[in-house]
Structures are given as C-alpha cells and as structure tokens.
Amino acid sequence: MDKNVEEEPSPAIDETSSKEEQLVSPSDPDSVSLAEGEPMSKRKRKKLLKMQQWEVKKKEKRLKEKEKMKQRKLEAIQAGLPTRNGPSRKELKRNKIDYSKSEITIAVDLSFDEMMIDKDVAKCVKQLLRIYTMNRRSEKPIPLHFTGIRPGGAVEKHLKRNDGYQHWDVKFSGESFVDLFDRDKLVYLSSESDNVLTTLEKDHVYVIGGLVDHNQYKGHCHGLASEMGIRHARLPLSEHIVIKSRTILTINQVFEILMKVQLGKPWQETLLEVLPMRKGAKPKEDAVVDETKTSNESEVAELTEMKEATEEETNGNEATS
1 MDKNVEEEPS PAIDETSSKE EQLVSPSDPD SVSLAEGEPM SKRKRKKLLK
51 MQQWEVKKKE KRLKEKEKMK QRKLEAIQAG LPTRNGPSRK ELKRNKIDYS
101 KSEITIAVDL SFDEMMIDKD VAKCVKQLLR IYTMNRRSEK PIPLHFTGIR
151 PGGAVEKHLK RNDGYQHWDV KFSGESFVDL FDRDKLVYLS SESDNVLTTL
201 EKDHVYVIGG LVDHNQYKGH CHGLASEMGI RHARLPLSEH IVIKSRTILT
251 INQVFEILMK VQLGKPWQET LLEVLPMRKG AKPKEDAVVD ETKTSNESEV
301 AELTEMKEAT EEETNGNEAT S
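For the sequence shown, counting from 1, position 125 maps to 125 in this note's numbering; every step adds exactly one.
Hints in this document: simulated from the structure, not taken from any laboratory. Every residue, glycine too, gets a C-beta built ideally from N, C-alpha and C. Hints are supplied without guarantee of correctness; some may be wrong.
Once the Cα atoms are required to be at most 30 Å apart in a straight line, the calculated BS3-like pairs of lysine-lysine come out as [stated by the list, open to error]:
(1) Lys58 <-> Lys47
(2) Lys66 <-> Lys123
(3) Lys61 <-> Lys73
(4) Lys126 <-> Lys171
(5) Lys160 <-> Lys66
(6) Lys126 <-> Lys282
(7) Lys68 <-> Lys57
(8) Lys171 <-> Lys160
(9) Lys218 <-> Lys282
(10) Lys123 <-> Lys157
(11) Lys57 <-> Lys70
(12) Lys185 <-> Lys260
(13) Lys126 <-> Lys66
(14) Lys171 <-> Lys265
(15) Lys57 <-> Lys126
(16) Lys265 <-> Lys284
(17) Lys47 <-> Lys123
(18) Lys119 <-> Lys47
(19) Lys68 <-> Lys58
(20) Lys58 <-> Lys123
Estimated spans, in silico, between C-beta atoms of each pair [stated by the list, open to error]:
(21) Lys244 <-> Lys119: 26 to 36 Å
(22) Lys119 <-> Gly174: 16 to 26 Å
(23) Ala79 <-> Arg183: 54 to 64 Å
(24) Lys160 <-> Thr133: 10 to 20 Å
(25) Leu180 <-> Lys218: 25 to 35 Å
(26) Glu239 <-> Asp98: 30 to 40 Å
Work out the full structure, taking the sequences as your base and the hints as a guide.
Structure (structure tokens):
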C-alpha cells in the first residue's frame, strides 16, 4: 500500500466529531458562550457534553417524580386517604409567631461574615434557611431574630439570593443582640463554657453564634460573651450522651435541639434524634453498661488465662515426676 495515500477516517471518529460539533451549536446559548474566541479543546467538549447529558437526565427525573406524585395522590384520593402529610401553605401562613406570648426567644449572631470565606457564608445562610423552615413547621414556633447583619455584607448578599426572604417570619436586624435585648436575659451558647444548660428559662434569649469556621476560631463566641459580660452556657451533651468523635454542631442543629426541648422533649431523647447517626451517639446509661460489660469480659479473660496457665504448669510437673 502506498504510504503517500492518506487513509480515510474511521466512522467512529466521524461520529464522535459530529457529536462534539453539536455541543457548539449556535442554538445552544451555553455552547456559544464557550465556543466564542479560541476553539474549544477536546477536554472541554467532553465536559460540556457530560453537563448537557446530566441536565437532560435531571429534567427527565423531575418529570418522572412529578408523575409518581400525581399517581400517589390519585390513589390516595380513590382510597379515601389524606393526600398531605404536613401542614398546607395556607396553614403555614396562618401559623404566625406571637412574639409577645412565647416562652423563649432565639437570636442568631450574624456579625462574623468578615471572618468567613464566601463558601462558609453560603453554608451559614443555608443553615438559616433550615432554621426558618423548621420553625414554620413547628407546632410551637419560637420568636426568631437574625442580628448583626452588616449592610452590604456577605451574609446580606447570600440572603438576597433567596427570593422573598424579607417576608420570612423572622426579625432581621443590623444591630447587635446586646442592643436589642435585656442583658440579664441573654444566654450565649458556647461549647467552651463551663456552665451547663439544664433548663430553658422563661423570657430568656438564647444566642447562637452564626460562625461557620471549621475550628479556625475555636472559643471566639465564648470569649465574646465573656468580654460583653453576658451569661454563657453549653448544651448538656456529655451529661446525657457519649460520642466517640468530637462533636461540632451546626447552627440549625443547635436550634433544633432548643426547639424540641422547648416542646417538652427530654434532653437525651432530643440529642439522640438530632445528632447524625455517623457520630455513634449512645445514651449515657448504655455507655456505662457497655464499659462495665467490657471490663467484666476482660476480667473473665484474664482469669481464664491464669487458670489455663496453672493447669499447664501442673500437668508439666506431673509429667516430669
């Protein structure tokens, strides 16, 4: 075969090329933005193809889920069963918080946005959204204040990404919680505090630090409360449960614990419900039983070994004699 004669491209290569050409089709705005300027690399084409395929699959999945929901609702209606598990939107709108009648108030201190990277600020605001959602669905909503929001700051910027956040049943403020409430009624929650929170006192304001820092500023909220001369306390984790790993609670987890205790649930039951299963939390009593069991098993094993060693020694002496 003549070496100068060029071989025809294989059909497989043509097919791949045609697929890649479709990615930069002018009809696709995403493709156009990537195709403008320099030619798109093969790696970028593959990445874009995967993105487009994922978007198609996501839309298909949503449609299937909607169809399933419609079918379940229809079956429930035919069977005379309720079609809704939680409260309706109308019920939630009527479930307004009476700030004058509530037993406790919760404030989230959001004055730390300059201490967090943008990614952690986004996580913080996401946790605020979870708090708001939980509170709306609670049978006994708690007056909720988001304080220390810096005008034009990162927290405000991320809050604005949630359409209609201004209409949440929450009191937003740029002022510090210290200026909004009676100092004698404030309790700043901090895991470094030596004071243990055993009961939720009526008319008191419990402050949660809105700082997502991955331990970079450990003890900062505790130091802040001490400097301000206000009370501080920690949740009674070690008094009710035993956890193998170190526990760092999120803002929404702290809120959920307070919410459940306020509804009358015992501390231990609440902590076991809220903490993730992967933390391996156990009731304090169970942990004590496990430790005693392990200790007893060790003692039995030692006694068995001693007995076996004595028997071997006796048998050896008898054989020698």
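**Message:** Check the structure against each numbered hint from earlier and tell me which ones fail, lowest number first.
**Reply:** Structure breaks no hint.
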